[in-house]
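S.K.: Here are the chains, one letter per residue:
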Amino acid sequence: MNAIEERITRILLDDFKVRVDPIGPDSTFADLGFDSLVIVELTLVLDNEFGIALEDGELSDMMTIAEAAEVVATKSPVKGTVKGTVA
Amino acid sequence: MTAGRRPFGVAITGLGLVTPAGIGIRQNWDRVLSGSSCATRDEALSGCPVDFSCRVPGFDPAALIGGFASRQLERFAQLAIVAARLAVEDAGLDPRTWDGTRVGVVLGNSLGGVQSLAASHAAMIEGGPRKVSPLMVPRYMVNMVAGQVAIDLGAKGPSQVTATACASAATAVGVARELLRGEACDIVLAGGTEAALTPLAVAGLGRMGALSRRSDDPAAASRPFDADRDGFVPAEGAGVLVLERFVDARARGIRVHAVVRGYGASTDAHHPTAPAPGGEGIEQALRAALRDARLGGDDVDHVNAHGTSTPLGDVIEGRMLRRVLGRRPLVTSTKGVTGHPLAAAGAIEAAYTALAVEHRTVPPTANLTRLAPELDIDVVHGAPRAAPVDVAVSTSMGFGGHNAALVLTAA
Numbered sequence: 001m002n003a004i005e006e007r008i009t010r011i012l013l014d015d016f017k018v019r020v021d022p023i024g025p026d027s028t029f030a031d032l033g034f035d036s037l038v039i040v041e042l043t044l045v046l047d048n049e050f051g052i053a054l055e056d057g058e059l060s061d062m063m064t065i066a067e068a069a070e071v072v073a074t075k076s077p078v079k080g081t082v083k084g085t086v087a
Numbered sequence: 001m002t003a004g005r006r007p008f009g010v011a012i013t014g015l016g017l018v019t020p021a022g023i024g025i026r027q028n029w030d031r032v033l034s035g036s037s038c039a040t041r042d043e044a045l046s047g048c049p050v051d052f053s054c055r056v057p058g059f060d061p062a063a064l065i066g067g068f069a070s071r072q073l074e075r076f077a078q079l080a081i082v083a084a085r086l087a088v089e090d091a092g093l094d095p096r097t098w099d100g101t102r103v104g105v106v107l108g109n110s111l112g113g114v115q116s117l118a119a120s121h122a123a124m125i126e127g128g129p130r131k132v133s134p135l136m137v138p139r140y141m142v143n144m145v146a147g148q149v150a151i152d153l154g155a156k157g158p159s160q161v162t163a164t165a166c167a168s169a170a171t172a173v174g175v176a177r178e179l180l181r182g183e184a185c186d187i188v189l190a191g192g193t194e195a196a197l198t199p200l201a202v203a204g205l206g207r208m209g210a211l212s213r214r215s216d217d218p219a220a221a222s223r224p225f226d227a228d229r230d231g232f233v234p235a236e237g238a239g240v241l242v243l244e245r246f247v248d249a250r251a252r253g254i255r256v257h258a259v260v261r262g263y264g265a266s267t268d269a270h271h272p273t274a275p276a277p278g279g280e281g282i283e284q285a286l287r288a289a290l291r292d293a294r295l296g297g298d299d300v301d302h303v304n305a306h307g308t309s310t311p312l313g314d315v316i317e318g319r320m321l322r323r324v325l326g327r328r329p330l331v332t333s334t335k336g337v338t339g340h341p342l343a344a345a346g347a348i349e350a351a352y353t354a355l356a357v358e359h360r361t362v363p364p365t366a367n368l369t370r371l372a373p374e375l376d377i378d379v380v381h382g383a384p385r386a387a388p389v390d391v392a393v394s395t396s397m398g399f400g401g402h403n404a405a406l407v408l409t410a411a
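So the protein lines, in turn, are chains A and B.
Here my numbering is used: the first residue of the first sequence is 1, the next is one more, and so on.
Here my numbering is used: the first residue of the second sequence is 1, the next is one more, and so on.
What the hints contain is simulated information worked out from the structure, not anything from laboratory work.
All figures in this text were calculated on a predicted structure; none of them were measured in a lab.
Beta carbons: idealized from backbone N, C-alpha and C, even for Gly.
Derived DEER-like restraints, expressed as beta-carbon distance ranges:
| id | chain 1 | residue 1 | chain 2 | residue 2 | range |
| --- | --- | --- | --- | --- | --- |
| 1 | B | R327 | A | D35 | 53 to 59 Å |
| 2 | B | G326 | A | D35 | 57 to 63 Å |
| 3 | B | P129 | A | E67 | 23 to 29 Å |
| 4 | A | A73 | B | L64 | 36 to 42 Å |
| 5 | B | V247 | A | L13 | 47 to 53 Å |
| 6 | B | P95 | A | L13 | 28 to 34 Å |
| 7 | B | P311 | A | E6 | 58 to 64 Å |
| 8 | B | D216 | A | G57 | 53 to 59 Å |
| 9 | B | P311 | A | G57 | 55 to 61 Å |
If we strip away everything but chain A, and leave its shape as in the complex, we get:
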């Protein structure tokens, strides 16, 4: 698991209290119980965590954690809102 995948997984465990086992890079958000509303909520949390600005619709419940991490990796930090950094 790469660093971004690990951070996303940590958010899923600590913030969203996901208790699905196993959870790994190939887990889809749907596997973890996410619906379209919770995905939008995740977008907001990832924005804050990585200091980026994901567009609505860039993440979906059918994506895997690895695919979401790839989307996050393409984003540049947004000036003034950075709490963490992508790398």
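On the provided structure of chain A, position chain B as indicated by the hints.
M.R.: What follows is chain B alone, placed relative to chain A:
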């Protein structure tokens, strides 16, 4: 006494209580009988003019409902789900095997998910509309609690949320009884929930002048019918009753806590927040409930009063009780112990009323040391009083001038 159709009794076969007095029947009844107040200083209200409240002790939503699911629910829904599960278990019902299409849900709520509303508002002010949580609306909406309880227990019959402020849960019981009478369903989970102990909501109530200011001694603040009362203590909680037609409960062979035999409702049409000064609104509701039960004022043994500990409301209600109920029944206000859980009050107190009928014991009113001089009613205080409680009344009055009364009888 009124001739005509026979009274319609619905059996209370399950009680689910998640209140400042505890979680479950035993904790609640023990605490209420002890007559000691649950009010304490509230960290979340620190710095507010009113910085104390009555919260549900030891409520762990992640442990009770699951972390992922409870994160998507506002606290008022979390409390209601746990109360509903407890009530169903107490009624000996199994949601995995019941016919969910015959199970209804009617719950009262007034302030909804104010935490989510305030949090998303703050996020929007700071970061714009995109920072508003997509879960804000489903967490906030008052109706959502009936939907969430229905999802949790697979209840697919009629469902709704009643909103008559502090009478909401009593209204819910009345509406549920009509659903059973009309055979729209066979079981109704009826009750109410409230969890609005946020600085915003409590500040709003405080600005109305409704709350006690006894910050130096929170445990003495809720003192219904006492001469030194100065307002109510805000509380949270949920109460759910499993209601069934009496004949169905008997056929099922389940223990019946008590029977809801009468319901009456009225509206003051006087003022948005002040009760009608003569108490005519709550009197109308109580008389209607007694008429519905085919009983008279002299038949009543016990009243679990609305009695919130406000200067005006307690006197209006106490005088009304003296006027309508001739034999000076044993009056209590359990809000001395629990504080005032707003829209949940009617169900929590209907449950305590049912337990008083079942155990033939009337709990004391906490902090009552000197009865308000305007009143001539027998308020139980100091210790519980054993008494033959065959007919009991629970009254509720809400902002908006909503009044509701329930008549409960022994099974």
